[in-house]
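Go by the hints and put chain E onto chain U.
Line by line, the protein sequences give chains U and E.
Take the first sequence: its position 178, counted from the start at 1, is 178 in my numbering, and no numbers get skipped.
Counting from 1 along the second sequence, just add 356 to a position and that's the residue number in my numbering.
Quick caveat, the hints were computed from the structure, so don't treat them as lab data.
This structure is a prediction, so every number in the text was calculated from the model and none was measured.
Using N, Cα and C, we set each Cβ at its ideal position, and we do this for glycine too.
Check each hint, because a few of them may be wrong.
Unchecked claim - Selected chain U positions facing chain E (in silico; Cβ < 7 Å):
1. 105
2. 203
3. 207
4. 210
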Amino acid sequence: MMEKKLKTSTKVWLTIIFILIMGFLLWIANRTFDDYKLRVLRLIAIYGIMAVSLNLINGITGVFSLGHAGFILIGAYTAALLTLTPEQKAMSFLFGIQPWIEKIHADFFTATIAGGVMAALFAFLIGWPVLKLRGDYLAIASLGFAEVVRIWANNALTITNGPLGLKALQEYSNIWWVYGWLLFTVVFISSLVYSSYGRALKAIREDEIAARSMGINVFKHQLLAFVVGAFFAGVSGSLYAHWLTTIDPRITTMGPMFTFYILIMIVLGGLGSISGSLIGAAIFAILFEWLRNLEQPFTFFGIQVPGIPGMRILVISVLFILVMIFWQRGIMGREELTWENLYKWFSRLKREGEKS
Amino acid sequence: MTETVKSLQEEVKAGEEFLLKLDHVTMQFGGLIAVNDFDNGVKKLELLGLIGPNGAGKTTVFNVVTGIYYPTKGRIIFDEIDITPLKPHQITHLGIARTFQNIRLFYNLTVLENVLVAQHHELSNPDADRILKKHGKPPKNFEKFWFWRAVSKLGYLKKEKKMIETAKELIERVGLSHVMHEKASALPYGEQRKLEIARALATKPKLLLLDEPAAGMNPKESEDLMEFIKRLKNEFKVTIFLIEHDMKVVMGICERIIVMDYGKIIAEGTPEQIQNNPKVIEAYLGKEWKNV
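With the rest of the complex left out, here is chain U (with noise of 0.2 Å):
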């Protein structure tokens, strides 16, 4: 049974069209949400370029990675290290600064893309070993990466100001900042995907040695979207790093958990699915930031509950639990939502509709 097809021009139309829209919305949050809630809508974009880019690496070409913080860390620091001006810096580094480090400075885009540069230096490096290794290794070695990554950030005093972090970061993460990037990320990685390189990504993940017997270099290819996605950690860490206005290495704010927190956004979005994952990055910050009310004593049908920490983290949980057992593949599977889609979608609305 064909269905009927749209033309390529209606889907462009239909998506200048659709960003036009998003963007006037936007314009329009910008100007009537309050403070509290315009963090969460651009946390929401953050997070939307994290797991989008975990994604790619992940759920499209299969290589179970969780170094994901470790990318993010490096944006973050290198783009920290350029925005701060030398004053700041010299202010803040009780221990002391390297010389260089304290000269250098730049604005917020050229730092965010050296985030991303760094980042993706890194992946380079750490990508010829790793990618070596297969599955459950792979995840623990890059696992480990991130880690080293983290306590090296807590150790090198004259150069990250150690634990103290970095403080006072200007708040340049604004939803334009964001909501660019996030276009800019959508647009990069599912020109990507829906190309000839996106579908040998995805023979890697379906079947190594089919891919390389169809002449397929399956490391370079591995390497290939490891450097693509750590790039945009990098640029997320930077978004992320003058959104907090604040980095520090501590396990609560860059550590392993950071992965996780974007392995449930891709998991819950559906593995391998790019605009699941913008779902399941926007769920899990609403949901994150709703669920503090958990956190804060409150009654609950008449009996008095008081605050627990972390209880927000355990209630993600267990929803977590019930989504991977009643939704296996999560929300939107290895489907895509595309104006094709839900063209057919609508179709098939239309024509149950009819029959009865």
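Positioned in the frame of chain U, the structure of chain E alone reads:
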């Protein structure tokens, strides 16, 4: 004197005839010699069969040729290039494609995508192209920066369109156009086999290695397959080297057969010669049968 010269010339000529030549190849896994001094080859445009009892080392021969294993001893020459040290993706790029004993499709991709994946090596194998150039053969990807082209779509869409056209044409020729947009996992067994062959053909090979194409097929299906393989050879002008257990298939289509047992070649010849070779009968049925 003149006779030796003549025979020497003949030998050289015979060597040229080979598209793929395994030059005294031995493959050893620890104490097990899986392939022992294999010295034979595939001639241009022939349909060669490789048979032998289970565990004779047939699939190992394929794995050595396609670069999955590195032979312990010997060299492999394909199309005048020494491919012994090359990696699987490079060997595919040079023109050897294969199918697997247990079907290995990209099950979550559609039939069309499966075939398209096999064309990807044209964009992204500069290392293999360098080898082609070094031996004075035309390279496959003429242009560079395909990755950036693919992402920015500048100068890429034309290539993509051409790839899709080629893939569709190929799918039509092998008779799978009715399932073009189905997932590979949704196909019945026989069609999955066909798709695997189509996917191998999409790499534009000079030599096609088929590892037990008729495995798990009923007589009707394997008869269709015989017709299909014969048609392939004529239509695509491709040399075929196949491993098969189904004697009916082997004897029906192969022009020449090599028999292996315990890693060694024990016989070689036309189907008739093989059928009457006492060594082959012994390998398959054992020594005792004469006494029965």
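Residue hint residue 203/U, partner chain E, criterion CB-CB below 7 Å: At 4 Å from the nearest chain E Cβ, residue 203/U passes the 7 Å test, so the hint holds.
Restraint check, 7 Å cut-off on beta carbons, for residue 105/U near chain E: violated, 30 Å
Residue 210/U as chain E interface residue, shortest Cβ-Cβ below 7 Å: holds, 4 Å
Agreement of hint residue 207/U with chain E interface, Cβ distance less than 7 Å: holds, 5 Å
Consistency note: the structure conflicts with earlier hint 1 alone.
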